[in-house]
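Colleague: Read top to bottom, the protein sequences are chains A and B. Count the first sequence with my numbering and you get residues 31 to 124, in order. Count the second sequence with my numbering and you get residues 13 to 216, in order.
Since the hints were made in silico from the structure, they are not lab data. In this text, a Cβ means the ideal position worked out from N, Cα and C, and glycines have one as well. Some hints could be false.
Rough simulated footprint, nothing fancy, chain B against chain A, three-plus residues with beta-carbon under 8 Å [stated by the list, open to error]: (1) 36-50; (2) 78-91; (3) 102-114.
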Amino acid sequence: MQNGETHISSYKSHAVVLIALLLLTFISVAATGWHFGAYTVAVALLIASIKVATVIINFMHVKHESLFIKAMISGVFVLFALIIIITFIDYYLR
Amino acid sequence: MSSQAIHSNQIDSETGKLGMWIFLFTELFLFGGLFLVYAVFRAKYSADFHTAAAELNTFIGTLNTVFLLISSMTVAMAITAIQKNQKNLAMLLISITILLAALFMLNKYFEWSHKFEFEIYPGSAVLKNMPQGELLFFGLYYMMTGLHALHVLIGMILLTINLFKIRKGTVSQIHYLHLENSGLYWHLVDLIWIFLFPLLYLIT
Numbered sequence: 031m032q033n034g035e036t037h038i039s040s041y042k043s044h045a046v047v048l049i050a051l052l053l054l055t056f057i058s059v060a061a062t063g064w065h066f067g068a069y070t071v072a073v074a075l076l077i078a079s080i081k082v083a084t085v086i087i088n089f090m091h092v093k094h095e096s097l098f099i100k101a102m103i104s105g106v107f108v109l110f111a112l113i114i115i116i117t118f119i120d121y122y123l124r
Numbered sequence: 013m014s015s016q017a018i019h020s021n022q023i024d025s026e027t028g029k030l031g032m033w034i035f036l037f038t039e040l041f042l043f044g045g046l047f048l049v050y051a052v053f054r055a056k057y058s059a060d061f062h063t064a065a066a067e068l069n070t071f072i073g074t075l076n077t078v079f080l081l082i083s084s085m086t087v088a089m090a091i092t093a094i095q096k097n098q099k100n101l102a103m104l105l106i107s108i109t110i111l112l113a114a115l116f117m118l119n120k121y122f123e124w125s126h127k128f129e130f131e132i133y134p135g136s137a138v139l140k141n142m143p144q145g146e147l148l149f150f151g152l153y154y155m156m157t158g159l160h161a162l163h164v165l166i167g168m169i170l171l172t173i174n175l176f177k178i179r180k181g182t183v184s185q186i187h188y189l190h191l192e193n194s195g196l197y198w199h200l201v202d203l204i205w206i207f208l209f210p211l212l213y214l215i216t
């Protein structure tokens, strides 16, 4: 709820999001057979990240939240990514 | 309801959701820590992780992913239904969500018991004699899917409470923050699985 208006997502939009998520899942399963070599993990994680973003934006209604909540969520995910990147830099440069 | 009351209800909703998000961030870092441990050990013992991950049934994993994705949609639709004051539809959608969660748990039960039959469980003699990397993989597998399954159970309880609240009228078209926050929790369960699935089942 924001600015006195409640956005009601339609049933149809939720169904469309689900179809997109299912398609991405099947692409992800099929992609394991395509042998990208070293990139297999990267491809799997990239597809997973797209799915996660889709769920957060649509199912969790972040699209219609206040700017404050949007900024907070983006900030935390950036922090999370930084922790992972810094850990790996540390791990590989040891 | 007077406009003042509506206004204060909106403020409650905004702060209530904010609190829920802060809680979800702590959950993200709880699982995030485990993902990091997994990633580092996977880099160190990639061949062992490869062999161990091949033991997992991709079909069951995919099926469980589909269950959780559909359940995420039904809980999102339940919020739409309560906003439109379609109480019965909202209750039906929540019931479907709980049913899908139960199917997920049933699958998990079969999956784990199948592993137990081969004596692959934490502390078993078979596991202890495995190479270091495979031991780590199964340790992380049980830890991560177990902690996730615990979240599924908590989500099922929260959604059941919502069913009763909708019937009683304490969750309604005007006050549905409880359902929204339970929905957010349920989506988090889905989000974690979206990452667990490729990491454990697909990377072989």
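Colleague: Now tell me if each hint is right for this structure.
Modeller: Hints versus structure:
no.: 1; hint: 36-50; result: holds (count 9)
no.: 2; hint: 78-91; result: holds (count 9)
no.: 3; hint: 102-114; result: holds (count 6)
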